[in-house]
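Next come the chains, spelled out residue by residue.
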Amino acid sequence: MYRTYLQLFAIASLSTLSAAIATSGNASANQGSACRIAGLEKPPSICASHNRTLAATCFNCHGPDGRSNGAIPSLAGQSRSDIVNAMKEFRSGQRDEYATVMKKYALGYTDSEYEAMAEYFSNIK
Amino acid sequence: MALNRREFLKAAGAGWLGTLSGLSAMRSAHASTSRGRPRVVVVGAGFGGATCAKYVRLWDQRIDVTLIEPNEKLVSCPMSNWVLGGIRSMQDLEKGYGDLKKHGIRMVHDWAVGVDPVKRTVTTREGATIGYDRLVLAPGVEFMTETVQGYAEAALAHKVTHAFKAGPETALLRRQLESMPDGGVFVIASPPPPGRCVSGPYERACMVAHYFKQHKPRSKIIMLDGHFDVVSKGPMFKAAWEKFYPGMIEHRPNSLVTRLDHVNMMVTTEFDDVKADVINIVPRQRAGKICAVAGVRSDSNGIWCPIDFAAFESTSVPNIHVIGDSVLSNMPKSAHVSNNQAKICAAALVELFNGREPNPYPVIGSTSYSATSDTTSGPIAVVMRYDPDKRIYVRQPGGGASPVSDETNFAYNLAWFENIWADTLG
Chain Y
1 MYRTYLQLFA IASLSTLSAA IATSGNASAN QGSACRIAGL EKPPSICASH NRTLAATCFN
61 CHGPDGRSNG AIPSLAGQSR SDIVNAMKEF RSGQRDEYAT VMKKYALGYT DSEYEAMAEY
121 FSNIK
Chain P
1 MALNRREFLK AAGAGWLGTL SGLSAMRSAH ASTSRGRPRV VVVGAGFGGA TCAKYVRLWD
61 QRIDVTLIEP NEKLVSCPMS NWVLGGIRSM QDLEKGYGDL KKHGIRMVHD WAVGVDPVKR
121 TVTTREGATI GYDRLVLAPG VEFMTETVQG YAEAALAHKV THAFKAGPET ALLRRQLESM
181 PDGGVFVIAS PPPPGRCVSG PYERACMVAH YFKQHKPRSK IIMLDGHFDV VSKGPMFKAA
241 WEKFYPGMIE HRPNSLVTRL DHVNMMVTTE FDDVKADVIN IVPRQRAGKI CAVAGVRSDS
301 NGIWCPIDFA AFESTSVPNI HVIGDSVLSN MPKSAHVSNN QAKICAAALV ELFNGREPNP
361 YPVIGSTSYS ATSDTTSGPI AVVMRYDPDK RIYVRQPGGG ASPVSDETNF AYNLAWFENI
421 WADTLG
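These protein sequences, in sequence, are chains Y and P.
Residue numbering for the first sequence follows the working numbering, beginning at 1 and increasing consecutively.
Residue numbering for the second sequence follows the working numbering, beginning at 1 and increasing consecutively.
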């Protein structure tokens, strides 16, 4: 189903491609570094959009851009390795104290998604 | 879940049409882009709608966003049970929309009453006509009070509340509990699934019991539950009821309320008549009325809105997206999920307006906290990942509810509330 969707998308895009390029000058979803999520490398815009949205789904607990107002820790400005290590320790059960929700969340994301989220939050100053 | 399965299959079958219409709609979106700036109109400024409006603007400022909402402030359903428990005030639930203006969102305080999907316009009660390229409907639920005989009359007499849309009913229910005599009976009835905030009535029992324990210790709470058990955070709630409020809360599963006699204050189920001093009935729900007006409340029973889940676009009407409690899905109907759906939808809109394919594999986190006393809460958490072949969000392994409530989670519950406010309205 998904492959068929892509084919259709490609056909539909032909008529609109030039207009799209002309209007997408500062499209921020195209910015950012290499794709960190396995399987989503092409086209890069999908990976960029996924990274950004994935990080944004953390905000309702951890605060906008990971700046928390309360007992839930801020993620903004934490180093990439700290965030990735924390997720891995939540998943393995090594980090247990105060790890209520994150023990469950860590099991639902992939290693490459840990990396993508860590990249986003480590870049917030 | 079994109830929904047939509708699921039907929605999955219809999904193909939605994909096709999505593509044709993309062309027309570009047509309007070449005319001028793309226009998104969002109806409803709750945790879903306000978040969607904000994130479209955050992620692409060349898109014009209009947010239609009759109320001047958002009254939060999350934490509204805390008002019933006397540990928060109504003011703690309210926040204005002022901060959204800094994102360049045009706010229209009016009711959306009409949608023309061909001309792509929304009309308001005061007579405004607002054009859109993409419309996002986030109206929340409408209560099917007609499913309980006598409900309408009782509501007119102020003898029943659902208080499942926070606001005047929350305040009324609190006053009723305050004037109830010690030794009285408080009845909470909840509907069978699917509906808004499944854990809400169980948390409500905890909060009212917390109030009774201090002020009316001889009183009783009877829960007439349309579910077969305490289906959300069951072990946690049962443990809390036993530990904090022994003997006060009686939970009756499979108890569907059919009738209400407010003159004699009698609630009738398929099995029982229950005499009450204060009656709180959460009726069955359906997608907000504007979804029916727009033609997207199109599942087999005309209750919920089937959508294509990658972009949350209706499978019935192109260019109309639906987010939040109105969606036909296996996702919980909660503020947290609505807020995250809004981001998936906003991201898809930005990609579509830029002629790019929306992410076909969105991922959503779902968290919900419930308080069991004035110092203890517990969470449920799960990651849900969209599967384009199955056309549903699949719950990832490892999710679930905490078996206990504690003070750490109470602190997290408070932080969650501050942060989701800021994320939605800040």
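Some hints could be false.
[Unchecked claim] Here are the simulated DSBU-like pairs of lysine-lysine, each with C-alpha atoms no more than 35 Å apart in a straight line:
#1 P:LYS390 with Y:LYS88
#2 P:LYS102 with Y:LYS125
#3 Y:LYS125 with P:LYS243
#4 Y:LYS103 with P:LYS390
#5 Y:LYS103 with P:LYS243
#6 Y:LYS125 with P:LYS101
#7 P:LYS95 with Y:LYS125
#8 P:LYS238 with Y:LYS103
#9 Y:LYS42 with P:LYS390
#10 Y:LYS103 with P:LYS275
#11 P:LYS238 with Y:LYS88
#12 Y:LYS103 with P:LYS159
The hints are simulated quantities; they were obtained by calculation from the structure and are not laboratory data.
Here is what the structure says about each hint:
1. Taking the CA atoms of P:LYS390 and Y:LYS88, the gap is near 29 Å; set against the 35 Å cutoff, the hint holds.
2. Of the pairs offered as hints, the one joining P:LYS102 and Y:LYS125 holds, with about 21 Å between alpha carbons and a cut-off of 35 Å not exceeded.
3. As the CA atoms of Y:LYS125 and P:LYS243 are separated by approximately 45 Å, the hinted pair breaks the 35 Å bound.
4. Distance hint between Y:LYS103 and P:LYS390 is fulfilled; the C-alpha atoms sit about 27 Å from each other, no more than 35 Å.
5. Simply put, Y:LYS103 and P:LYS243 have alpha-carbon atoms about 26 Å apart, close enough for the 35 Å limit, and the pair holds.
6. Restraint check for Y:LYS125 and P:LYS101: satisfied, since their Cα atoms lie roughly 24 Å apart, inside the 35 Å limit.
7. Proposed proximity of P:LYS95 and Y:LYS125 is supported: the alpha carbons are some 28 Å apart, at most 35 Å.
8. Of the pairs offered as hints, the one joining P:LYS238 and Y:LYS103 holds, with about 23 Å between alpha carbons and a cut-off of 35 Å not exceeded.
9. Distance check on the hinted pair: Y:LYS42 and P:LYS390 sit about 22 Å apart at the alpha-carbon level, within 35 Å; holds.
10. Of the supplied pair hints, the one linking Y:LYS103 and P:LYS275 is violated, its CA atoms being roughly 44 Å apart against a limit of 35 Å.
11. Straight-line distance between C-alpha atoms of P:LYS238 and Y:LYS88 comes to about 32 Å, which keeps the hinted pair within the 35 Å bound.
12. Between Y:LYS103 and P:LYS159, the direct Cα distance comes to roughly 44 Å. Violation of the 35 Å bound is thereby established for this hinted pair.
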